[in-house]
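Taken in order, these protein sequences are the chains called A and B. Numbering follows this note's numbering, in which position 99 of the first sequence is assigned residue number 99; successive positions increment by one, without gaps. Each position in the second sequence, counted from 1, maps to that position plus 1000 in this note's numbering.
Simulated from the structure, these hints should not be mistaken for lab results. Just so we're clear, the structure is a prediction, and the values are computed from it rather than from any experiment. There could be a bad hint or two in this list.
[As the list claims (entries may be wrong)] Derived lysine-lysine pairs resembling PhoX-like cross-links, with alpha carbons at most 25 Å apart:
1) B/Lys1098 x B/Lys1014
2) B/Lys1176 x B/Lys1205
3) B/Lys1176 x A/Lys210
4) B/Lys1076 x B/Lys1008
5) B/Lys1195 x B/Lys1174
6) B/Lys1041 x A/Lys210
7) A/Lys210 x B/Lys1174
8) B/Lys1070 x B/Lys1014
9) B/Lys1208 x B/Lys1176
10) B/Lys1176 x B/Lys1041
11) A/Lys172 x B/Lys1041
12) B/Lys1098 x B/Lys1174
13) B/Lys1195 x B/Lys1205
14) B/Lys1208 x B/Lys1195
15) B/Lys1098 x B/Lys1008
16) B/Lys1098 x B/Lys1176
17) B/Lys1195 x A/Lys210
18) A/Lys210 x B/Lys1205
19) A/Lys210 x A/Lys172
20) B/Lys1070 x B/Lys1098
21) B/Lys1208 x A/Lys210
[As the list claims (entries may be wrong)] Derived, one-sided and incomplete: chain B residues facing chain A with beta-carbon distance under 7 Å:
22) Leu1030
23) Pro1032
24) Leu1142
25) Tyr1187
26) Val1194
27) Ile1222
28) Leu1225
29) Val1226
Think of the CB as a built atom: it goes at the ideal place given N, C-alpha and C, for glycine as much as any other residue.
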Amino acid sequence: MFFTKGFGIGTGKKRDFRATVILQTLIIFSALLLKDIFLLFGIENSYVFRDSLFLLLGAIYVLILWHLLTNFTNNKLLQYVLLAIIIATYVLALVTLNPFYSLFPTEQEEQPYLFIIHFVLFVVEATVIVFSILDIFSEERLSQEKLWGSACIYLMIALCFGSIYDLINIAKPGSFGVPVHLGLESYSECIYYSMTVLAGMDNSYGNAIKLIRNIGVLEALWGNLFIVLLVGRLLSQPSD
Amino acid sequence: MNTAGINKKGRDYKNLMIFQSLLIVLGLILSPLVTVFDLGKFRPLLYVLFLVSGGAYMLFLWTMLRNFTKMEWLEKVTLYLLVSTIITSFLLENPVIKLISEDHRAPYLLFVHISLLLVELLLIIYSMRDIFSGNTLSASRLWGSASLYLMIALAFASLYDVVVIFNPNSFGVKLKPGFPSYSESIYYSINSLVKWNDTFPEAIKLVKNIRLMQAVLGELFIALLVGNLLNKPVEEKVERRV
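Please take these sequences and the hints and turn them into a complete structure.
This is the structure we're talking about:
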């Protein structure tokens, strides 16, 4: 039903939410699975595929994030400033993270740039989350747009907290208690950690520092509360 | 029931939840943040921030309580209790002057946490009755449920902290009574509520049993909550906007 009705038609926000969900799924897929799938078939340097696909998907993802944000503000100047910031950050990410050549000889020199990239990503995602939550839990009748919106927020929370963990890991490498290379390697570990927390699973990072542990428990609480309130909101009688 | 009263309660639930989240986030994040990023010189400022948000939270508990009860003596007793708790906690934890020496803090800390626990319990009972009575509007029911969930976390955190004050080794590691132990208690309490992984396998039996009770309560609460949120409120017709 969703799909026959869906693709291509639909109003702005709903289309954006749907596209975001699809892209988020692809990004999580490429971060968590792609490298290991290629490794399974014995392909050397499998990270090249992952990094390229990840950066490509990332480009579309940040543009859609920007488009989502334009739904929430009418100020043209603000919109263009945001677009400029997002594009600049993406170019920085392309330069820093691409797997083909490295501008920086050591990881230490990459650190500040990685920090900026993740910080901007985190701020943009957090803004989208706040606005979408206000939208979903407002008193209006629930529509399909809000369903897509809530799926989108749930995945975005995973990615957003992933960015927070990565920020900590960049600022203080080794925070997870195991050595992780900075860059996409560390981001995919962070997404893994974030998703285990959100799903309420035990995870294998017993030696992570207290800050990561405490943010983790906040995320778990938030995930639980979100699910409960969402179910209540989705099933409650619409006030027409 | 007049609509203005309903509106005020909904707004109060929302504000209470904001204060609770602030307290929980600050309590969990502040001290590890200081250690990770070497913010030693900002530590006093951050402590003051935590104390102020705690004080605001406690005053707000009193405002919330006034929505539920008409008994003047209860309001007065709670107000005096909360104000003296705020003053005591400022005297204990403020970074500027140390009035009470480290060895004699235990009774004062106990007073702070037990009075906090009592007020929170009172409020939990009242708001449970309110939320599950079926005549609250859906929006304020959502906010109310969320703040109730967080309040259970905070109340149990105070309970764990009381245990830790009596026996600093309760979690299996030695904790300094005061802000460090409260922060750890908040962590442990939320951890139990969402049934996340057990970080303190060496904790004493009492703590483990309280954890178990909290986990069961959390589960039950979620089930009841979902059922309750699906109910149509009785007075939906009265006023929709909160």
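Results of checking the hints against the structure:
1. For a cut-off of 25 Å, the pair hint linking lysine 1098 of chain B to lysine 1014 of chain B is broken: about 36 Å separates their Cα positions.
2. For a cut-off of 25 Å, the pair hint linking lysine 1176 of chain B to lysine 1205 of chain B stands: about 20 Å separates their Cα positions.
3. For a cut-off of 25 Å, the pair hint linking lysine 1176 of chain B to lysine 210 of chain A stands: about 16 Å separates their Cα positions.
4. The hinted pair formed by lysine 1076 of chain B and lysine 1008 of chain B meets the criterion: a straight-line CA distance of about 21 Å does not exceed 25 Å.
5. Simply put, lysine 1195 of chain B and lysine 1174 of chain B have alpha-carbon atoms about 23 Å apart, close enough for the 25 Å limit, and the pair holds.
6. A distance of roughly 20 Å separates the Cα atoms of lysine 1041 of chain B and lysine 210 of chain A; the hinted pair therefore holds under the 25 Å criterion.
7. Straight-line distance between C-alpha atoms of lysine 210 of chain A and lysine 1174 of chain B comes to about 15 Å, which keeps the hinted pair within the 25 Å bound.
8. Pair hint lysine 1070 of chain B plus lysine 1014 of chain B holds up; C-alpha atoms about 22 Å apart against a cutoff of 25 Å.
9. For the hint pairing lysine 1208 of chain B with lysine 1176 of chain B, the CA-to-CA distance comes to about 20 Å; that is within 25 Å, so the pair holds.
10. Restraint check: the Cα-Cα separation between lysine 1176 of chain B and lysine 1041 of chain B comes to about 21 Å, which is no more than 25 Å; the hinted pair holds.
11. Simply put, lysine 172 of chain A and lysine 1041 of chain B have alpha-carbon atoms about 19 Å apart, close enough for the 25 Å limit, and the pair holds.
12. Proposed proximity of lysine 1098 of chain B and lysine 1174 of chain B is supported: the alpha carbons are some 22 Å apart, at most 25 Å.
13. Of the supplied pair hints, the one linking lysine 1195 of chain B and lysine 1205 of chain B holds, its CA atoms being roughly 17 Å apart against a limit of 25 Å.
14. Simply put, lysine 1208 of chain B and lysine 1195 of chain B have alpha-carbon atoms about 12 Å apart, close enough for the 25 Å limit, and the pair holds.
15. Of the pairs offered as hints, the one joining lysine 1098 of chain B and lysine 1008 of chain B is violated, with about 40 Å between alpha carbons and a cut-off of 25 Å exceeded.
16. For a cut-off of 25 Å, the pair hint linking lysine 1098 of chain B to lysine 1176 of chain B stands: about 16 Å separates their Cα positions.
17. At most 25 Å may separate the alpha-carbon atoms for a hinted pair to count; lysine 1195 of chain B and lysine 210 of chain A meet this at roughly 18 Å.
18. Under the criterion of a C-alpha separation no larger than 25 Å, the hint pairing lysine 210 of chain A with lysine 1205 of chain B is consistent with the structure, at around 24 Å.
19. At most 25 Å may separate the alpha-carbon atoms for a hinted pair to count; lysine 210 of chain A and lysine 172 of chain A meet this at roughly 13 Å.
20. Distance check on the hinted pair: lysine 1070 of chain B and lysine 1098 of chain B sit about 39 Å apart at the alpha-carbon level, beyond 25 Å; violated.
21. Distance hint between lysine 1208 of chain B and lysine 210 of chain A is fulfilled; the C-alpha atoms sit about 21 Å from each other, no more than 25 Å.
22. Evaluation of the leucine 1030 of chain B hint against chain A yields a violated restraint, the C-beta minimum of about 10 Å exceeding 7 Å.
23. Because the closest C-beta pair between proline 1032 of chain B and chain A is about 4 Å apart, less than 7 Å, the hint holds.
24. Because the smallest distance between the Cβ of leucine 1142 of chain B and any Cβ of chain A comes to about 6 Å, under 7 Å, the interface hint for this residue holds.
25. Hint on tyrosine 1187 of chain B holds. Least Cβ distance to chain A is approximately 6 Å, under the 7 Å limit.
26. Given the 7 Å rule on beta carbons, the hint for valine 1194 of chain B holds: about 4 Å separates it from the nearest Cβ of chain A.
27. A cut of 7 Å between beta carbons decides the hint on isoleucine 1222 of chain B: the least distance to chain A is about 6 Å, and the hint holds.
28. The restraint placing leucine 1225 of chain B at the interface with chain A holds, with a minimum CB-CB distance near 6 Å, inside the 7 Å limit.
29. With a least beta-carbon distance of about 5 Å to chain A, the hint placing valine 1226 of chain B at the interface is held under the 7 Å criterion.
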